[in-house]
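A.B. asks: With the sequences and hints as input, model every part of the structure.
Residue numbers (numbering that gives the first Met the number 0), protein chains in the order written: chain A, 0 to 155; chain B, 0 to 299; chain C, 0 to 799.
Simulated from the structure, these hints should not be mistaken for lab results. Careful: at least some of the hints might be erroneous.
To be verified - Below 20 Å or equal to it, Euclidean Cα-Cα: the simulated SDA-like pairs (lysine to any residue) are:
hint: 1; chain 1: B; residue 1: Lys48; chain 2: C; residue 2: Glu134
hint: 2; chain 1: B; residue 1: Lys48; chain 2: C; residue 2: Ala291
hint: 3; chain 1: B; residue 1: Lys48; chain 2: A; residue 2: Ala16
hint: 4; chain 1: C; residue 1: Lys49; chain 2: A; residue 2: Asp26
hint: 5; chain 1: B; residue 1: Lys48; chain 2: A; residue 2: Pro78
hint: 6; chain 1: B; residue 1: Lys48; chain 2: C; residue 2: Asp727
hint: 7; chain 1: C; residue 1: Lys401; chain 2: C; residue 2: Leu190
hint: 8; chain 1: B; residue 1: Lys48; chain 2: C; residue 2: Leu190
hint: 9; chain 1: C; residue 1: Lys49; chain 2: A; residue 2: Pro78
hint: 10; chain 1: C; residue 1: Lys49; chain 2: A; residue 2: Ser77
hint: 11; chain 1: B; residue 1: Lys48; chain 2: C; residue 2: Asp175
hint: 12; chain 1: B; residue 1: Lys288; chain 2: C; residue 2: Asp476
hint: 13; chain 1: B; residue 1: Lys161; chain 2: C; residue 2: Asp727
hint: 14; chain 1: B; residue 1: Lys288; chain 2: C; residue 2: Gly477
hint: 15; chain 1: C; residue 1: Lys49; chain 2: A; residue 2: Glu27
hint: 16; chain 1: B; residue 1: Lys48; chain 2: C; residue 2: Glu137
hint: 17; chain 1: B; residue 1: Lys48; chain 2: C; residue 2: Leu140
hint: 18; chain 1: B; residue 1: Lys288; chain 2: C; residue 2: Arg719
hint: 19; chain 1: B; residue 1: Lys48; chain 2: C; residue 2: Pro68
hint: 20; chain 1: C; residue 1: Lys49; chain 2: A; residue 2: Gly76
hint: 21; chain 1: C; residue 1: Lys49; chain 2: A; residue 2: Ala16
hint: 22; chain 1: B; residue 1: Lys48; chain 2: C; residue 2: Gly477
hint: 23; chain 1: C; residue 1: Lys578; chain 2: C; residue 2: Gly477
The structure presented is a predicted model; accordingly, all values stated were derived computationally and were not measured.
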Amino acid sequence: MIIVRVNGREQTFEPAADTSLANMLRDEAGLIGVRVSCAEGECGACTVLLDEQPVTSCLMLAHQAAGREVTTIEGFGSPEHLHPIQQAFIEEQGFQCGFCTPGFIIAAAAFLAENPSPTEAEASIAMSGNICRCGAYPYIVRAVMTAAERLRGATA
Amino acid sequence: MSTTTTEIARFTYVRPTDLAAAVAAGAAAGPGGRYWAGGTDLMLEWQRKQRPIETSIDITGLTELRGILIDPSEIRIGALTTLAEIERSAALHPDLESLAAIAAVMCTPQTRTLATVAGNLCNASPAADLAPPLIVLGARIATATSDGGRELELEDLFTAPKQTVLTDGELLTHITIPLSGQRAASYGRIARTVVDIALTLSACSLTLDQQGTVSAARIAFGSVAPTPLRALSGEQLLLGKTLAELTPALLAEAAAAAAGDANPIDDIRTSAAYRRHTVRVLTQRALAKTVARLSRGGDQ
Amino acid sequence: MSATINDLAALRDGSKTDQRLSTPARDAFTIVGKGVPVKDAIEKVTGSIKYGVDFAVPHMAHGKILRSPHAHARIVRIDTARAEAIPGVYGVVTHEDAPGGTWENAWFNYRGRIMDGTARFVGDEIAAVAAVSAEIAEHALAAIDIEWEILPAVFDPHEARKPGAPQIRDEGNERDAYVVEWGDIAEGHDLADVLVESDVVFASQQYASIGRNACVAEWMNDRVTLWTSSQTPSELRDGVHEAFEIPLSKVRVMALPSGSSFGSWWSANFMLVTVMLAKKIRRAVKIELSNAECMGTVKRRHIEHTRGRMGAKRDGTLTLAQFDHVIDNGAYGFKDDVGFFCVDMWGRALHGDYQVHAVNTNLVTAGCMRGVGDITLGSAVERTANRVAAELDIDPIEFRLKNQIRPGEPLRMRHSLHNMDCSVEEYLAGIPEELRAEWPELFHLSSGSTAEILTTGAEAFRWSERWQGWGKPDSVDGPLRRAVGVGTGAHVCGVEFEGSSSAVVRINGDGSAKVHASCGRQGQGSETTLSQVAAEELGIPFTMIEIETGDTDSCPWSHGSLASNTLYRIGWAVRAAAKDAKRQLLEIAGREVFHLAPDELQVVEGVIAPVDGSQPGVSVEDVMNMLRLADTLGQTSSITGRPATPMPPSTAFARHFAAHFAEVEVDIETGEIRLTDYLATQDSGTIVNPQVMKNQVIGGAICGAGFALFEELHFGDDGRVLNANMLDYKLLRCADFPHQAGVIFGDSYDPVGPFGARGAGEAPMAASVAAIQAAVFNATGVWVELPMTPERVLTAMGVI
Ligand SMILES: Cc1cc2nc3c(=O)[nH]c(=O)nc-3n(C[C@H](O)[C@H](O)[C@H](O)COP(=O)(O)OP(=O)(O)OC[C@H]3O[C@@H](n4cnc5c(N)ncnc54)[C@H](O)[C@@H]3O)c2cc1C
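C.D. replies: Right, here's the structure in full:
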């Protein structure tokens, strides 16, 4: 049995030795916002924060999250109180089908935590760990820039 | 196929918290044991059933094997240092610049948080990106086993695709880069998209002695041979030369000689001919950049 | 268009990128034309939206499919006893359980039985297991024992055409040629001052959907319900009906949103396998595909080979366009054409002859992928036309303005005619006058063209400054060459092949309205744009409109989302249904409340009032409520509207157009290509939602750029897909495409489409491929084969 802090709440799980963190979060915790597409670390749809660092949860053993803090998209904003990054993705329409969107939003959050005032080029590189097959990339970059501005405003 | 077990194959998971326990677990597990670091290679290997695993020894709890230490004679990189940490290490020492720049284009940001230096090297992919830049810095590796350990040149680690000289239960603990004189390093890397395994990679370093002549020259390649490859033929042409003698023509000659050491294959990523050609171009460019750095260093 | 240079500058620097230039004709619209966020935006950014993979029903079993290891083989004996004995296994299905019906995917993207005991590609469905968990089901697959008779296989479409080739299907390997011809080829040849020949091979592109797919099927006695991600709910229902030979009324599809689809998720055989498995074990079953299954066993774009020539007079007039095009259908594709609407776009050529030959091979099934035909044959035509223009030293924009179709001119493709079996006159004679009163002339372009967008785009991109001439870079920096290129694309706005799409609009007792229109939700935003169309027509606020797209029990039949038809064709039906509902509402309100004729009333922002303002308005809700309470004339709680007539045959007159401008930087020593600047222009008639449209346009540009640069399925000698993964099937990432890319919309107004709108999503792909390939030519002086990998660049340049 392992204990993981998921979106701010401690939860216990009994994953098999080879269960991925992504599958545990989806199947056991019901967090469907953890999207699994390629399941090989390329697409980034399954990105979650592990102790504030972004990880592809499809490549991690669930057991490796024991005693740690995991944040999924469900731990970001709610429909009533969207996170500024979520808000910016809506305004700039930084998505189409939406499957990759939670992964992008979490990758953006990790990136902006480290680089609150990025250039567009930096944002574009940072968003390259995820794949958006619909091709919303230019609007994703704009969403990240808009969110950066808001987040800076909020902390100033 | 005649027998089917009703059991689904799983491995046993253990998580030692210190080195002694880890190597003991490694020894106990024997050939079915695998050290599990970032798991970014292992998870796929397991899911694709490429190699059976009986025991996974999760070593990410060995915090003593993590981090970069700089002292006057060497840089010491813990085996479990992540690519994300390497990526942010450029400011620590000029020798880490190439390494950091390469780490920054490996995998994706969210896999770099997991992936480790040891995993990249021990996985022994011909395309392991960290191997060539470390080889040109003369990196050595240190290992531990339940009954001791050893040190060896990084370039001697690799024997074949996905194979190393490490024995069952032998654990890579750290990598050391000996610091020496006036050294500069550079690299060139070709990939298809901004996130991709390298189609070809060439790294090189030049060290000048007190007299300003090249006392050490190293060139190493990725993705052009069954293992990361040291290209000795090119290095010979550069030894003993002064900066002024390192003319574009000589660098071109050295690059061509080095490229002659490559032994690439055709695969779905690209052709052997492309790899052979570009490894020469990249080497020539990397050498030119290295010479330029040394010249700038000389000005200061 | 009355754009000023300042407007254009603003468009370029991104500050106004996504707004339309001023269009007085459309100023009266209240919601059409507004870039409102898509309806499911919040669900998408909070991760709560459910795709096929997320759906579950209580107590369901999990299924896995056994796939053929052979490209062509017959099952001699199959023994499932060991698999069935594994604890946790509910049951196994094989071809021996398969129903007898042959089913067809939309537009012949699949034709066959669900399983028939013969494997026709590596990965073909052979058997399936249902168990308590997916893991056990997968484990049990290995316990199915099969004795195979290996059959000879053929992978090359040219080989498959030859007499004596292994036969893949009962119908034979080759479909009848699809021919479009006009004029006299010999004359076109004689008139030409220059003649250019070309021979181009296209590798297969993979949909590479993000999101995979799953299907849940559950039977209730003799009725079945399916939940799966599908763009074509009605067509999927039809497929189940055909395969299982049960009445349509007994099949219910509840289509869920999908990840990026591009045509991947219409109907797929795995969905029918799920239905079969659920029937056998009498319990709900879910089959969830792995990414490798999605990329290696469902569908892909055809491998295509174009050979042809174009000729022109010295003044640039095209005299001849003659192309012979071979496509491979893979194992179960049954198409006889690819949508090659480039034929129409370049239809001013004096004489033309296009032939498509579709052939089956033992490769995974090929089907329609976004931009079908137009990014392949279309880009080959663009490339050939460019070479003609280069020989004549004519600017590519000028050449296109001279040779590309304008509104009112004949469409050469005559797609519907191909399926008609009679002359246009005979066809028209058979249709009541009142039904065709508002039809534009058949087989003549109704509206739009490349002309306006090419001109506007050229100005905004500073084409004349940057263009240095054919094969000439505009800057050289050591090994780096920069150059610009332009490309155009056209595609249909829906095709008629199985009847007319319909829709229902219901006005509820509280003044809200619900649209029922069967289509996809793969990110193209149709749930939003169709709602905007309904809101505009009804006069009910957009926020009061909801839409059901997936439930075939409540939505009337429709083609679904394919062939760029959703807004144009289904949107037409939604508007027609809304008109009908509004007419009923106004009749009642006029009779019961205002004592006026319906045409003296209007609905604005949910309030019904006389047009002349003579009486105060009453809200839709109040009118509905009055009716409900009084139950006057039996009116109760809702009004249902539906189209009064079928939609005009739009294939016969509507196209959408794209013109793209790309700048590339090529490293001529390594062959690497970088996209450094990009401008996309689009003529889709009225832009119902510019936010949605810019994403369609740029998304198409990026998918086209992927095809131009890297995307390519590799097949082994045994026909196996070698790169059914995202490590070696390369998709562009964020930094691979210029993030400052701009979008400009043209200003045409369609006479048939809802509020002047036409289709959108496919022409951008074709234009993108053509523009990037031309830019690379200008940078390097050579035409590089697609995808233009670094290796192919160096090969074309003779470096390696
Ligand atoms: C999406 C994606 C992209 C990638 N891109 C790149 C790329 O661009 N360049 C590149 O080089 N690689 C790339 N990789 C491969 C991989 O991420 C790297 O090789 C990574 O550094 C492996 O580290 P890890 O800690 O995850 O290794 P693990 O998977 O944990 O281990 C890999 C192997 O090393 C062994 N091992 C690990 N640690 C030790 C130790 N201390 N002692 C002995 N043996 C040990 C393991 O037993 C295993 O055999 C990519 C992988 C993915 C999934």
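A.B. asks: It remains to establish, for every hint, whether it holds in the given structure.
C.D. replies: Tested hints:
no.: 1; hint: Lys48/B with Glu134/C; verdict: holds (14 Å)
no.: 2; hint: Lys48/B with Ala291/C; verdict: holds (14 Å)
no.: 3; hint: Lys48/B with Ala16/A; verdict: holds (15 Å)
no.: 4; hint: Lys49/C with Asp26/A; verdict: holds (14 Å)
no.: 5; hint: Lys48/B with Pro78/A; verdict: violated (41 Å)
no.: 6; hint: Lys48/B with Asp727/C; verdict: holds (19 Å)
no.: 7; hint: Lys401/C with Leu190/C; verdict: holds (17 Å)
no.: 8; hint: Lys48/B with Leu190/C; verdict: violated (64 Å)
no.: 9; hint: Lys49/C with Pro78/A; verdict: holds (15 Å)
no.: 10; hint: Lys49/C with Ser77/A; verdict: holds (16 Å)
no.: 11; hint: Lys48/B with Asp175/C; verdict: violated (45 Å)
no.: 12; hint: Lys288/B with Asp476/C; verdict: holds (17 Å)
no.: 13; hint: Lys161/B with Asp727/C; verdict: holds (18 Å)
no.: 14; hint: Lys288/B with Gly477/C; verdict: holds (14 Å)
no.: 15; hint: Lys49/C with Glu27/A; verdict: holds (17 Å)
no.: 16; hint: Lys48/B with Glu137/C; verdict: holds (13 Å)
no.: 17; hint: Lys48/B with Leu140/C; verdict: holds (15 Å)
no.: 18; hint: Lys288/B with Arg719/C; verdict: violated (43 Å)
no.: 19; hint: Lys48/B with Pro68/C; verdict: holds (17 Å)
no.: 20; hint: Lys49/C with Gly76/A; verdict: holds (18 Å)
no.: 21; hint: Lys49/C with Ala16/A; verdict: violated (28 Å)
no.: 22; hint: Lys48/B with Gly477/C; verdict: violated (47 Å)
no.: 23; hint: Lys578/C with Gly477/C; verdict: violated (64 Å)
Hint violations for this structure: numbers 5, 8, 11, 18, 21, 22 and 23, all remaining hints satisfied.
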